Amino acid sequence: MIAYAPYLILLLPLLAAVSIRLFLYPFPRISITVSTLACLVSFLGSIGLLLFGSSMGEVTAPALPWIEWAGLRANFGILGDPLARGMATLVSGVAFLVHIYSIGYLEKEPCRSRFFAELSLFVFSMLGIVLADNLISMFIFWELVGLSSYLLIGFWVERPAAGAAANKAFLVNRIGDFGFILGILGAWALFGTLSFADLPSRVAASAPGWAVTAVGLGLFCGCLGKSAQFPLHVWLPDSMEGPTPVSSLLHAATMVVAGVYMLIRVLPILEISQVTMMTIAWIGGLMTLLPALIACQQNDIKRILAYSTLSEIAYMVMAVGLGVAGPAMYHLTTHAFFKCLLFLAAGSVIHGCHEEQDIWKMGGLGKRMPFTALVTILGTLALCGIPPLSGFWSKDAIFAATAHSPGLAAVSMVAGFFTSFFMLRMILVAFGGTPKNDAARHAHEGSIFMTAPMAVLACLTVVGGLLPVESYLHFPHAEGHEAWTLWVSLVVALAGFVPAYHFYRHATQDPLSLPALRDKFYVDEFYRRVFVSTQDAFARLTDAFEGWVVRGFLVRGSGVVARASGQGLRLVQCGQVQVYAAVFILGVFLLIAWLWRQGVIR
Amino acid sequence: MEPIFFWVLAVGLVVSAIGLVAFRNPVTSAVCLVVTLVMEAALFVTLEAYFLAVVQVIVYAGAVMVLFLFVIMLLDVKEEARQRPPWAKVVWVVAIGGGAVFGVPRIASLFPAAAKTLHWEQGKGGGSAAELGRLLFSSYSPLFLATGVLLLVATVGVVVLCRKDPES
Amino acid sequence: MNFAEITLGHYLALSSVLFLIGLAGVILRRSLLIMMMSLELLLNAANLALVAVGRFQGLPDPQVAVFFVITVAAAEIALGLAILVAIFRIKKTTAADQLASLRF
Numbered sequence: 001m002i003a004y005a006p007y008l009i010l011l012l013p014l015l016a017a018v019s020i021r022l023f024l025y026p027f028p029r030i031s032i033t034v035s036t037l038a039c040l041v042s043f044l045g046s047i048g049l050l051l052f053g054s055s056m057g058e059v060t061a062p063a064l065p066w067i068e069w070a071g072l073r074a075n076f077g078i079l080g081d082p083l084a085r086g087m088a089t090l091v092s093g094v095a096f097l098v099h100i101y102s103i104g105y106l107e108k109e110p111c112r113s114r115f116f117a118e119l120s121l122f123v124f125s126m127l128g129i130v131l132a133d134n135l136i137s138m139f140i141f142w143e144l145v146g147l148s149s150y151l152l153i154g155f156w157v158e159r160p161a162a163g164a165a166a167n168k169a170f171l172v173n174r175i176g177d178f179g180f181i182l183g184i185l186g187a188w189a190l191f192g193t194l195s196f197a198d199l200p201s202r203v204a205a206s207a208p209g210w211a212v213t214a215v216g217l218g219l220f221c222g223c224l225g226k227s228a229q230f231p232l233h234v235w236l237p238d239s240m241e242g243p244t245p246v247s248s249l250l251h252a253a254t255m256v257v258a259g260v261y262m263l264i265r266v267l268p269i270l271e272i273s274q275v276t277m278m279t280i281a282w283i284g285g286l287m288t289l290l291p292a293l294i295a296c297q298q299n300d301i302k303r304i305l306a307y308s309t310l311s312e313i314a315y316m317v318m319a320v321g322l323g324v325a326g327p328a329m330y331h332l333t334t335h336a337f338f339k340c341l342l343f344l345a346a347g348s349v350i351h352g353c354h355e356e357q358d359i360w361k362m363g364g365l366g367k368r369m370p371f372t373a374l375v376t377i378l379g380t381l382a383l384c385g386i387p388p389l390s391g392f393w394s395k396d397a398i399f400a401a402t403a404h405s406p407g408l409a410a411v412s413m414v415a416g417f418f419t420s421f422f423m424l425r426m427i428l429v430a431f432g433g434t435p436k437n438d439a440a441r442h443a444h445e446g447s448i449f450m451t452a453p454m455a456v457l458a459c460l461t462v463v464g465g466l467l468p469v470e471s472y473l474h475f476p477h478a479e480g481h482e483a484w485t486l487w488v489s490l491v492v493a494l495a496g497f498v499p500a501y502h503f504y505r506h507a508t509q510d511p512l513s514l515p516a517l518r519d520k521f522y523v524d525e526f527y528r529r530v531f532v533s534t535q536d537a538f539a540r541l542t543d544a545f546e547g548w549v550v551r552g553f554l555v556r557g558s559g560v561v562a563r564a565s566g567q568g569l570r571l572v573q574c575g576q577v578q579v580y581a582a583v584f585i586l587g588v589f590l591l592i593a594w595l596w597r598q599g600v601i602r
Numbered sequence: 001m002e003p004i005f006f007w008v009l010a011v012g013l014v015v016s017a018i019g020l021v022a023f024r025n026p027v028t029s030a031v032c033l034v035v036t037l038v039m040e041a042a043l044f045v046t047l048e049a050y051f052l053a054v055v056q057v058i059v060y061a062g063a064v065m066v067l068f069l070f071v072i073m074l075l076d077v078k079e080e081a082r083q084r085p086p087w088a089k090v091v092w093v094v095a096i097g098g099g100a101v102f103g104v105p106r107i108a109s110l111f112p113a114a115a116k117t118l119h120w121e122q123g124k125g126g127g128s129a130a131e132l133g134r135l136l137f138s139s140y141s142p143l144f145l146a147t148g149v150l151l152l153v154a155t156v157g158v159v160v161l162c163r164k165d166p167e168s
Numbered sequence: 001m002n003f004a005e006i007t008l009g010h011y012l013a014l015s016s017v018l019f020l021i022g023l024a025g026v027i028l029r030r031s032l033l034i035m036m037m038s039l040e041l042l043l044n045a046a047n048l049a050l051v052a053v054g055r056f057q058g059l060p061d062p063q064v065a066v067f068f069v070i071t072v073a074a075a076e077i078a079l080g081l082a083i084l085v086a087i088f089r090i091k092k093t094t095a096a097d098q099l100a101s102l103r104f
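Protein chains in written order, with our numbering: chain A, 1 to 602; chain B, 1 to 168; chain C, 1 to 104.
The following block holds chain A by itself, in its conformation from the complex:
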């Protein structure tokens, strides 16, 4: 029985979600308590696994049997290797902090119970991905996470923009999942197993070829969708329509990095093919630069942070593409801390300015919300990779890996330049200067529920660099640091601050105007022109078919035919007896003739 205890970590949030949904909607306080407690217990359980597991080696709980065929075995089990345990602790810990924050952020929201139910559902799904021991159960939780994201983005159901954004997120994810499924099936066909524990041994016997490349690229498609990399990155900025706690938990710290986690899990398959690794690395590299450029011209505080998230995830993807999983996970961990912190701070700002999200309508918040300003600065420094904060160590590990690919190194360092640029722009405009409107003038800090989690995250941001992430995860360590990447990246990042300071020190409106950047390089418009309109035309065609052929011809037509034939046959009833007699006699003669023909009458 005790052996099944690890499942509690997974199932308690599910229990919370179900009980809130079924019984507790009218009782927001009880719902909040149930949801937060479940998350806390999951966190404590994960810590327990983390600490005790390391003394016992791998911890696996017995699997629950599900699919057991001749060729395929896919059961629900928990893979308790260090990677999973560390990730589970991270996810449940950050989720717990966001739960506390949401208590303060949504205290005036009437549908709080629903929010916490959906949040618990998300925690369950995300832990499911992290703890899954084979690709199929991971895929099931993958889809569940997509569902939770849909529900949470579209939380404010009365806003059409939120609904549209939720749809977009789900549909774009679905496209990625299509490739993911193909990859899973290919992996099964090639290697005969889908279990992460068995993969390394099976894979070692394979040779590179187009099949393995295809499988690797298919699996990468899943990452493209979930982690929002090019070309499926369009949903993440729109997902900022959801409440800020959702943006911080799902779309910064945990859900979007599920793609990276999955890639690390299937790294044995990816490593066989050079083509796959190159593709992953270069897509990652390009995606570090692209969103950084776009963010330089964005005015919504959450969108700026969303684009910076895209860029940071790209760093992780690039690291996986270069074959170094350790730095990727290291950056994943530190990114979770400072990005979540930045989003919570943004939420505090929005809350303080009474739901205002445009940075040009804020201003002067540095004096009015000093704590928020301080944590934002700390988060920014970590994000830009300034020592001694955590982000510096993790980003530097990734830069070290790019030392042998000058192209990638150049791209990612230029991205670092622009990251510094737009982050300082954001801070100067929102926190510096003078208040631009009334709401900003009367801004104030949030309640203790909002400030406490930020404080915890700020501490983690500062000291996170000391966490022994890479050694704990037992990943093969790359060669020693190349000193030149460290210095060059630091100089470039610091250099990014200079032009931002110059332009935005006292700016009341944006002195730079670059339409291509502001309009996100027109990717959305391209998609709408090419894909959405063809889909629309096809939908209109099928609608016309349904209207004319099915409804008109078949359904109404059969009615018309019945009616017409009835009207026609009515004419037989003429009322004239003699006509009836004549027809009767004719019928008798025909009958006799027919019987004669049959030989019945000899």
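To be clear, the hints were calculated from the coordinates, so they are not data collected in a lab. No experiment lies behind these values; they were computed from the predicted model shown. Note that beta-carbon positions come from the ideal geometry of N, C-alpha and C, so glycine has one too. Errors might be hidden in some of the hints.
A short, non-exhaustive set of chain C residues, derived as facing chain B with CB atoms under 8 Å [what the hints assert, rightly or not]:
1) A4
2) L20
3) A24
4) G25
5) L28
6) E40
7) A52
8) P60
9) V66
10) T71
11) A74
12) I77
13) L81
14) A82
What follows is a set of in silico ranges between Cβ atoms, one per label pair, in the way DEER data are often shown [said to hold, decoys possible]:
15) S565(A) - V159(B): 42 to 52 Å
16) G103(B) - L59(C): 19 to 29 Å
17) D61(C) - L591(A): 22 to 32 Å
18) S565(A) - E5(C): 55 to 65 Å
19) L79(C) - S565(A): 32 to 42 Å
20) G12(B) - L590(A): 29 to 39 Å
21) V555(A) - R163(B): 48 to 58 Å
22) R163(B) - R597(A): 45 to 55 Å
Straight-line distance between alpha carbons at most 20 Å, and here's what the computed EDC-like set of lysine to aspartate or glutamate pairs gives [unchecked claim]:
23) K91(C) - D165(B)
24) K92(C) - E79(B)
25) K92(C) - D76(B)
26) K91(C) - E79(B)
27) K91(C) - D76(B)
28) K92(C) - D165(B)
29) K78(B) - D97(C)
Assemble chains B and C onto chain A, guided by the hints.
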């Protein structure tokens, strides 16, 4: 039996039948019908069905035709007006009738039994009352009883149908 | 057609001619009374055929059948004329084409 009897009776039968159908005056038609029925009775005699011939005259030519004439006089049915022949109906009848008239002898010739000739033989298929009665009351007695009930029902039906509505 | 020897075929031919004349009367005449008299003609044609066959095959049974036919015909005429009288009382006519109200 001389063939001449048959031919005379046959011609007379057909002529009076056509007369029945053709005359516009209902009384004339009724008289033609009487003639037809009597001719038919004579034909029954040539077929040695004596009992039936008598029954035919008594019931048909006697009772039924009297009934017809009573009704004609009761309703004071007028002579039917001359009218253009209903061409559709005529075509109908000519088609069916003509086809049948030419078809029937051919059909009849297919039956070997149709070539049998008539022989006067006493007792063979005799039409005496005794013979008929024996059959009626033994093999066909249920039908006989049913016919009795039928006649009762007809009587009651006629009385009901011809009642005038009570004035009240 | 053999004029000297009278065969069963002759009787049957006569019966069918009678039948057809009766049919013509039913279909072509407008007056209901004449229609009923033509109906009698039809029945008589059938009777003739029955008796002829019975005589030529040596069977007494057709004569029993004719007996029943005559009886039922009498009953049928009685009822038919009663209905005719009832209709005439209401419609004041016995023309078949004017009694066509049972139509669509």
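Would the hint linking K78(B) and D97(C) be met if the CA-CA limit is 20 Å?
holds (16 Å)
Between the beta carbons of S565(A) and E5(C), is the distance compatible with 55 to 65 Å?
This hint holds: roughly 56 Å between Cβ atoms.
Kindly confirm whether 29 to 39 Å is satisfied by the beta carbon distance between G12(B) and L590(A).
Because 33 Å falls inside the window, the suggested range holds.
When the least beta-carbon distance from P60(C) to chain B is tested against 8 Å, hint result:
holds (6 Å)
Within 20 Å, alpha carbon to alpha carbon, are K91(C) and D165(B)?
Roughly 16 Å separates the two Cα atoms, so the pair holds.
Status of the hint placing L20(C) at chain B (closest C-beta pair under 8 Å)
holds (4 Å)
Given hint E79(B) paired with K92(C) - CA-CA distance at most 20 Å:
holds (15 Å)
How about A24(C): closest beta carbon in chain B under 8 Å, or not?
OK, holds: A24(C) within 8 Å of chain B, min 5 Å.
Taking 19 to 29 Å as the hint, is the beta-carbon distance of G103(B) and L59(C) inside that range?
holds (26 Å)
Per-residue hint verdict: A74(C), partner chain B, C-beta under 8 Å
For A74(C), the interface hint holds, since the closest Cβ of chain B sits about 6 Å away, which is under 8 Å.
Is it true that the C-beta distance of D61(C) to L591(A) lies inside 22 to 32 Å, as the hint says?
Holds, since D61(C) and L591(A) (Cβ atoms, about 25 Å apart) stay within the stated range.
So if I understand the rule, the pair passes when the alpha-carbon distance is 20 Å or less; does K92(C) with D76(B) pass?
holds (11 Å)
Hint check: no violations occur; every hint is consistent with the structure.
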